[in-house]
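Protein chains in written order, with numbering that gives the first Met the number 0: chain W, 0 to 311; chain X, 0 to 424.
Because the hints were derived from the structure by calculation, they are not lab data. Just so you know, not all the hints are guaranteed correct.
[What the hints assert, rightly or not] Calculated lysine to any residue pairs in the SDA-like style (CA-CA distance at most 25 angstroms, straight line):
(1) X:K400 x W:F153
(2) X:K77 x W:M174
(3) X:K400 x W:P175
(4) X:K77 x X:V30
(5) X:K314 x X:R297
(6) X:K77 x W:L122
(7) X:K314 x W:C42
(8) X:K181 x W:D169
(9) X:K77 x W:N254
(10) X:K77 x W:V123
[Said to hold, decoys possible] Using C-beta positions, here's what the derived DEER-type ranges look like:
(11) W:Y137 x X:T401: 31 to 41 angstroms
(12) X:R239 x W:L151: 44 to 54 angstroms
(13) X:H73 x W:H203: 41 to 51 angstroms
(14) W:Y142 x X:R239: 27 to 37 angstroms
(15) X:F325 x W:E145: 29 to 39 angstroms
(16) X:E419 x W:G95: 49 to 59 angstroms
Where a beta carbon is used, it is the ideal one built from N, C-alpha and C, also for glycine.
This is what each chain is made of:
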Amino acid sequence: MGRTTPIAKSQVRTASVFLTPGLALFFLFVLIPVVAAFYLSFCRYDIIHSPRWIGADNYARIAEDIGNRGVFYLSLRNTAQYAIGTIPIGMALALGLALLLNAGLRGVTLYRTTYYLPVVTSLVAVSLVWMWIYDPNYGLLNYALELLSRGLSFVAGREVLIAPQTWLADPGQAMPAIIAMSIWRGLGYNMVIYLAGLQGIPDHLYEAAIIDGATPWQRFRSITWPLLKPTTAFILVVSVIGASQVFAQVYVMTNGGPNNATTVIVHQIFQNAFSFMKMGYASAMAFVLFGIIFVMSLINLRLLRGGEVEYV
Amino acid sequence: MSHRSGKLLLWFLLGLVALVLCGCAGSEKHVELELWIADFNQDTRDLIDGELVPRFEAAHPGVEVNTQYISWTHLDEKLTISFAGGVAPDVFQVGAEYVGGLAYRGMAAPLDDYIAEWGQADDYYPASWNTCVYQGRVYGLPYLSAPRVLIYRKDLLSAAGFDNPPETWEELAEAARRMTVKRGPVFEMAGMNVAVSWQVFVEFLWENGGRIFNDEGTRSLLDSPEAAEALQFYVDLYHRYEVCPTAGMPQAGGAIPVFASQRAAMEINNQFGLYNVRKYAPELLPKVGIAPTPLRKRRVVSVYTDWLAMSPQSKHKELAWKLMTFLMEPANLAAYNATLFFIPPRRSAVAGAEFMQQNPELQEFVALMDRYGRSLPAIPEWFEIRTGLQRAVESAIYQTKTPEDALRGYSRELDALLAERVGSE
Numbered sequence: 000m001g002r003t004t005p006i007a008k009s010q011v012r013t014a015s016v017f018l019t020p021g022l023a024l025f026f027l028f029v030l031i032p033v034v035a036a037f038y039l040s041f042c043r044y045d046i047i048h049s050p051r052w053i054g055a056d057n058y059a060r061i062a063e064d065i066g067n068r069g070v071f072y073l074s075l076r077n078t079a080q081y082a083i084g085t086i087p088i089g090m091a092l093a094l095g096l097a098l099l100l101n102a103g104l105r106g107v108t109l110y111r112t113t114y115y116l117p118v119v120t121s122l123v124a125v126s127l128v129w130m131w132i133y134d135p136n137y138g139l140l141n142y143a144l145e146l147l148s149r150g151l152s153f154v155a156g157r158e159v160l161i162a163p164q165t166w167l168a169d170p171g172q173a174m175p176a177i178i179a180m181s182i183w184r185g186l187g188y189n190m191v192i193y194l195a196g197l198q199g200i201p202d203h204l205y206e207a208a209i210i211d212g213a214t215p216w217q218r219f220r221s222i223t224w225p226l227l228k229p230t231t232a233f234i235l236v237v238s239v240i241g242a243s244q245v246f247a248q249v250y251v252m253t254n255g256g257p258n259n260a261t262t263v264i265v266h267q268i269f270q271n272a273f274s275f276m277k278m279g280y281a282s283a284m285a286f287v288l289f290g291i292i293f294v295m296s297l298i299n300l301r302l303l304r305g306g307e308v309e310y311v
Numbered sequence: 000m001s002h003r004s005g006k007l008l009l010w011f012l013l014g015l016v017a018l019v020l021c022g023c024a025g026s027e028k029h030v031e032l033e034l035w036i037a038d039f040n041q042d043t044r045d046l047i048d049g050e051l052v053p054r055f056e057a058a059h060p061g062v063e064v065n066t067q068y069i070s071w072t073h074l075d076e077k078l079t080i081s082f083a084g085g086v087a088p089d090v091f092q093v094g095a096e097y098v099g100g101l102a103y104r105g106m107a108a109p110l111d112d113y114i115a116e117w118g119q120a121d122d123y124y125p126a127s128w129n130t131c132v133y134q135g136r137v138y139g140l141p142y143l144s145a146p147r148v149l150i151y152r153k154d155l156l157s158a159a160g161f162d163n164p165p166e167t168w169e170e171l172a173e174a175a176r177r178m179t180v181k182r183g184p185v186f187e188m189a190g191m192n193v194a195v196s197w198q199v200f201v202e203f204l205w206e207n208g209g210r211i212f213n214d215e216g217t218r219s220l221l222d223s224p225e226a227a228e229a230l231q232f233y234v235d236l237y238h239r240y241e242v243c244p245t246a247g248m249p250q251a252g253g254a255i256p257v258f259a260s261q262r263a264a265m266e267i268n269n270q271f272g273l274y275n276v277r278k279y280a281p282e283l284l285p286k287v288g289i290a291p292t293p294l295r296k297r298r299v300v301s302v303y304t305d306w307l308a309m310s311p312q313s314k315h316k317e318l319a320w321k322l323m324t325f326l327m328e329p330a331n332l333a334a335y336n337a338t339l340f341f342i343p344p345r346r347s348a349v350a351g352a353e354f355m356q357q358n359p360e361l362q363e364f365v366a367l368m369d370r371y372g373r374s375l376p377a378i379p380e381w382f383e384i385r386t387g388l389q390r391a392v393e394s395a396i397y398q399t400k401t402p403e404d405a406l407r408g409y410s411r412e413l414d415a416l417l418a419e420r421v422g423s424e
């Protein structure tokens, strides 16, 4: 490199001044903890005593747990269930809503805001409200069942009993209940992204299709869906990462129960670290989760890259 | 730095030291004690902040007690973090499962020497006292107790053909079955209100002569026939005798507890069962009876005690001990327990407590606790064991496993868990 001009020098200085706070925070609160956690995943560590190196024992224990279908295995299974339960339905609903809102209805802004409200509401607050909806004794949902029961009794002319359900207290219903709430909560975010995607599709394509006599379904299949592919792929990647890290609603609503029906990976990490004081084992779990998310994201990015469509 | 300014600095520092020394001589030494309380309501806070602490501070000039009220949900994290940071509270309240973990991690100071000198240990109920003992050493003083007994409706029981409360498991199941009222799939009256909880299983296990692990805390005893029988009986209450829905009885209006709202004929509960009847349905009180939990091989009343521990990091151990014993003075202990409707864990406090005399039924709780009381065994891994036990109990009651399989599976896990500590020692 030749001589640095005074201007370039002062630019470098300015840039460093602006970069330093961000980098310092990144090092202090992200990079150092990540490295420390990786080290701890090879230790036995209870916070009070200093960490003791035990090699790959923690990872061996995880493998053993999965082999024995233990609790970590259950948390993997439940996390997968949660992902499969929330992502396809959530994305389909979000796309449907986005199409409706994009059709030029009156009061679109109002609808858009309404659907987006749950996204900006605190997840803990939302979870607490839904716990009331699901409450077996005085919840809204069982009240609806009771009304239904009365209505049916009236129509049938005899007593038709619908037993009140226990929802979050029932091992079979708890995960679907959490999934339903999470779909509702995440809908607005995906919808807004889809709306943005839809607005990027040029109108002339639709006009040409209409002139060619394409039905609404054909227009959706041949124009909207292919051109939305990058949007869909983006939402998929973000949703898979989000679902792998699900925690707050589980912690608040069921704390992993009943019968471990809703324990998820992050819940296990939290429990081992802060209830059982097994920081090492919990760190190892965290790196297994990192591996899972990494691989899933690679697969998803492949989907994103391949087969992009362009109409000119 | 020049020679001259170095000299100036030295003089300045010397002056400062002199000032500080004069200040110390001039006033009493100022000491701050930190106290963490986990069982509290507004009345408790008024009592401690408005009366007990000011009295203690008046008796010990220069001492300031800083009381923090910590909810149970955050207690574990806060304790761990404060110990790791070297700023642990001098005196803190913990629960029935804590002694093993605290002692093992060096988070509670052994108090045997103080206690020997104090000489008031015999005044405590044995089951309450044992809650603070790990491997023969005492790590705290019991602050409140809650014994779990059988609470039943005399009128319903005699209508079902029983003159006396059920004595045995068989009688318990039969009485509960007869008193249960169902309309279609819906329970109108649970013969016995039972929660799906490891605590209930541990009671049945003890009554059947079983134990969770051996005395040394090195080996699981859950693969025993006694344990399998106990869990089987627990499962049968739901699925064979059908005395209660597995999800528990709905509470009337959402707020009134099941027994007090007359939707259960019996339940195993601590003195809060009684408190609820007094509060929500005082007219029911003459119809309510209290009995020891039914017998299998032995009578056991399980007692849950919360206690005060002292931090080994405390810089003022003598004063911390004075604060502990001040709070334990019979009148102070009774006043604290009165705010929460718990049972004071020492005899002299029970004898002098006004609220104990106003509630004659509470005396029955005390008598049963004194006679049959047993506390949880002390072990460092209680939190993990509690979680594992709950999992085993749930998988049997929700019928994903047989009681025997559930226990055998968890027993193997427990052995591995205990071996980890034994191996690292």
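Requested in this report: With a cut-off of 25 angstroms on the C-alpha distance, tell me whether K77 (chain X) and V30 (chain X) pass.
Outcome: holds, 23 angstroms
Query raised in the report: Regarding the pair K400 (chain X) and P175 (chain W), is the alpha-carbon distance no greater than 25 angstroms?
Result: Status holds; Cα separation ~22 angstroms.
Report task. For the pair we were handed, K181 (chain X) and D169 (chain W), check the Cα-Cα distance against 25 angstroms. Result -> holds, 20 angstroms
Query raised in the report: Holds or violated: 41 to 51 angstroms for the Cβ distance of H73 (chain X) and H203 (chain W)?
Result: violated, 60 angstroms
Query raised in the report: F325 (chain X) and E145 (chain W), beta-carbon distance inside 29 to 39 angstroms?
Result: violated, 55 angstroms
Query raised in the report: Taking 25 angstroms as the top limit, are the C-alpha atoms of K77 (chain X) and V123 (chain W) close enough?
Result: The given pair, whose Cα atoms are some 21 angstroms apart, holds under the 25 angstroms limit.
Report task. Given the hint that K77 (chain X) pairs with M174 (chain W), test it: the Cα-Cα distance must not exceed 25 angstroms. Result -> Roughly 30 angstroms separates the two Cα atoms, so the pair is violated.
Report task. Take the C-alpha atoms of K400 (chain X) and F153 (chain W), compute the straight-line distance between them, and say whether it is at most 25 angstroms. Result -> With Cα atoms ~41 angstroms apart, K400 (chain X) and F153 (chain W) exceed 25 angstroms; violated.
**Report entry** Proposed proximity, L122 (chain W) with K77 (chain X) (alpha carbon, max 25 angstroms)
**Finding:** Answer holds: K77 (chain X) to L122 (chain W) is near 23 angstroms, not above 25 angstroms.
Query raised in the report: Does the Cβ distance between Y142 (chain W) and R239 (chain X) fall inside 27 to 37 angstroms?
Result: Holds: the Cβ-Cβ distance is about 32 angstroms, inside 27 to 37 angstroms.
Query - Pair hint outcome, K314 (chain X) versus R297 (chain X) [Cα-Cα no greater than 25 angstroms] - result: violated, 46 angstroms
Requested in this report: Please test the hint of 44 to 54 angstroms on the beta carbon pair from R239 (chain X) and L151 (chain W).
Outcome: Violated - the Cβ-Cβ distance for R239 (chain X) and L151 (chain W), about 32 angstroms, lies outside 44 to 54 angstroms.
Violation of the numbered hints given earlier is confined to hints 1, 2, 5, 7, 12, 13 and 15; the remaining hints are satisfied by the structure.
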